[in-house]
Amino acid sequence: MGRYIARKLAVLPLIIVAVSILIFVVIRFIPGDPARLMAGMDATAEGVEVLRRKLGLDQNIIVQYWRFFLGALQGDLGTSINSGYTVVQEIATRIPYTLQLTIAAFAIAIMIGVPSGIIAAVYANSWIDQLVMVFAIIGASTPSFWIALMGMSLFSVKLRWLPLFGAGTWSHLILPSVALAMGPLALVARMSRSSMLEVMKEDYVRTARAKGLTKFRVYTKHALKNALVPVITVVGLQFGGLLAGAVATETVFSWPGIGRLLIDSVRYRDYPVIQGTVLFTVSAVVIVNSLTDIVLAMVNPRMRFD
Amino acid sequence: MRRAKTTVKTVLLRRKNVVIGGGLVALILLMGLFAPQVAPHDPLEQNLRNAYQTPSSEYPFGTDQFGRCLLSRVVHGARISLLEIGMGVSLAMAIGVPLGLIAGYFGGSIDRTIMWLLDIVYAFPGIILAILIVSVLGPSLTNMLIAIAVFSIPVYGRLCRNLTLSLKQREYVEAARALGLSNLGIMFKHILRNALAPLLVQATLTAGGVVLSASTLSFLGLGVVPPTPEWGAMISTGRTFLTIAPHLSLFPGLAILITVLGFNLLGDGLRDLLDPRLRNN
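These protein sequences, in sequence, are chains A and B.
To convert a position in the first sequence, counted from 1, into our numbering, add 97.
To convert a position in the second sequence, counted from 1, into our numbering, add 281.
Honestly, the hints are just simulated from the structure, not real lab data.
Check before you lean on any hint, since a few could be wrong.
Unchecked claim - What the simulated footprint calls covered on chain A by chain B, stretch by stretch (three residues with Cβ under 8 angstroms from a Cβ of chain B suffice, anywhere in the stretch; the number is not a length):
1) 112-124
2) 228-237
3) 241-252
4) 337-348
5) 375-386
Claimed, not checked - Interface residues of chain A toward chain B, partial, derived using beta-carbon atoms under 10 angstroms:
6) P128
7) K255
8) L259
9) L359
10) I360
11) S362
12) R364
13) R366
14) Y368
15) Q372
What the hints assert, rightly or not - Take a look, some chain A residues computed to stay more than 12 angstroms from chain B by CB distance:
16) K151
17) R164
18) Q197
19) I207
20) I271
21) A305
22) K312
23) F313
24) T317
25) H319
26) I391
We put the CB at the ideal spot given by N, CA and C, even for glycine.
Isolated chain B, as found in the complex (with noise of 0.2 angstroms):
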């Protein structure tokens, strides 16, 4: 009885991660979508006057040191990180499915060289590569996305390979080779669409990871630059008048938080519910 008890108490404990996740998520979509109708003011308005305001009524965040409403620069700074989570995201998939397609469908030597290939990158920690790469290409939004799309391409990879592994033995697969479709056909018709779902939770997993790479490198000077509302690059701002001014900071970096919790949630929750095996107990 009790043990019945506990496990309709987990399961609402994950579904709470779902719907707790998907509503900041909801959220944080909402508040990009919108972002010129819910912003207060114009995030790059400048009105030196008012600069290094605490938070008030006119501005519930303060301004920065420019007088711009920081509040604005969030919320229109939730519109950046849906990008860079978009961008970053598919660039990645856009290469990490195919390899992984071809190395778990032709296996043998094609699968050795293409895994060999993706542990190589999979073996640099992630911002050191990214690091690496916006070194050479110059900072920019594209660039910084390029990087993190790089790093990122080994988990797809793998996850993508393994799912094939086992997808190519289903019957339906034999079923549509016997009748002659071709490998291409079989790759992208029947094994990917049934090896979406997993992606797609990775995808969401890796968002988070997205928003917290995107601001260390903005905050580090390689990723977007101002006068752009990047919340690293906010912080990375207000850094320099931690002093004076904590608030320009703080928010920014709450607005991280509650992205990067919202996938993290979101992505747990929804693996979860996939795949019960992988459940944390």
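The following block holds chain A by itself, in its conformation from the complex (with noise of 0.2 angstroms):
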């Protein structure tokens, strides 16, 4: 078990270093002169000189990639040509916007697609079981942004029960949060459904039934804890499609999160701030996808070689 979770965490780092140099690379290929782009287009021939050499840009790409990893160990992922403010101090303010939006959208996912998808598998084909699958399919069929407008229209516009856009309270929360939750809700009820149902086949569900257990008490004790481990699996991995739902829904609603951070950076070609955001992101989708593995590993031995 340690040397699965040891061998897990050490190739982490060798991913995320990956990762950096593929961004750094596509990142090379803006067309113009970066230097020229950071320095204005009213700058002087000898300023943008000078901005070259202190960037480092007169360089060969390795020798750049080495200094831009060093920086970004020692936390300096640069400094935003837009705002003037270093990348890290632009990511930390957005963060906590994004983490509310996403967690809500979790929490929302989880709360209603686990149970909906247990009542469907263990009603497995009644009308209950049809109803979730049909909402299930076309909750995965829909783009969160237009869930996100449609959703802006009827509460904000028509019916004026909350705010149109913004944050900071728990109504400006509610609509973003469901618009993004749609997509994992719908993924997370088909799981957990054919996961019930697998698990409600097994032995040992039979065998508790025979004791004279009842359905309540078998489902609830036995089989759902067994049911669960696929969820995990889905819930941690859609972390990932969270954070990437969440540029569109925070640009719906003007959430100052990452996401609308990294559409303002492409708009501006802020290529310091759009570098270190998805830097940022992909690193933290990836230590996240590496967690459910060991929680994984941790609840069902059999997954570990995987």
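Please dock the two separately framed chains into a single complex, following the hints provided.
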């Protein structure tokens, strides 16, 4: 067990370094001169040259990456061209908002998705099951930003129950988190259902029933615990999807999170911020995915050697 | 007895997925193919005096801020979406499938290197990688499709590698090798041909994802730009006029939902028909 976790944790930095190389290389394909871009169009040729040397852009790409890498290790991801703040400062002020949104969406997806999947499995092929599955497949096929806009149109514009956009209070959080939760909710419900159906066929569930335990007790005590294992995987691996989905949802609601920072920096061609934000987001996803694997291995030792 | 009944019911339910999904996909295909005949108006024709009309018999989906017929724009949008699916999926397959074939067939360090590279790309959430690529290449339909194809490559690469690993053990591959057929010949003639069905099912399953990603990117202003009637871009325009004309966003969104739903149902159903072991229950 310890060795498995150690190996997982050892590979983690390697993946993040590889990801950072990929991002770094892609960013170098920007058409035009990055020093000119950063100095601004009215800068003198000498000014651009000074900046080029200061940023190390006159050196070869390996030296450039090495400087970026050393900086990143010390928490320096460069400075925003647009705002003048450091990229780390920019990201740090946005994290709480994106966390709020993703955690709320996670909670909604699990609290509604797991029970409805379980109920669908227990009453398999009944009308409840069909209803849950129809909702699940529609939820998985709908773009979250569209649900967001339609919700906004109904609850904010027509009924005036909720604020149009912005962040800060609970009422601001409701629409964005529900819209963002829709996709993962659908997936969690489907996964819980099929996993529960699988477990209900197992011998120990039949044995428990044969021993005379009530249906409710068997399902909650014996089946549920084992059925939740694949659900953990789905939930953990959905974190990346949630962060990605947050980009569009944050844009709809002018929600001041990481996703909106990324889109704004693309709009202003603020390359240090694009580079830093993407690196930060992907690293977070890679770390959460590895932690999911580890939790999964702890819960179910059979999965350890996958 | 009860068990047999349930199985029959389940199979019918699965077929129902293929039928409903196939029907929706056919609807979108026909709409795209015959867009000029189906659309009541020119999707680009402006008529400012007709702006922001709510749905009527003349304009069943209403009109947009330039007085353009929204139904005609949604119908023509099917062409863009089909183009996105066709180009996005085939570009991703054109790179992912050979990579997977090579990795699975040769194994060893070639396999490890290719899979390691694919895993790094796979570590990125799709949209984030697409935004990174489009931010460098600039927003356009082609660049958006390149971005979508890049993040889909690992899906085909991994699947094709696993298929190759099991197919290369088959007797007909052994026989072909004994007859002196070249590696390339075996890979493309014998292995790829037999891997085609699951790969095409995967393509159907990812088609919906392509439409979702493309509409998200266009919604964010990083894909197809107006006046092209792309559904995501239309929703983005509708967002500006949400308070006065919510129908501008409503109908393109429904079109996305129907398309993605169709491909998801069809893909799910086909997968179950192809490989009953993967069936949900």
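Task: Hints violated by the structure (numbers, ascending) - done: 8
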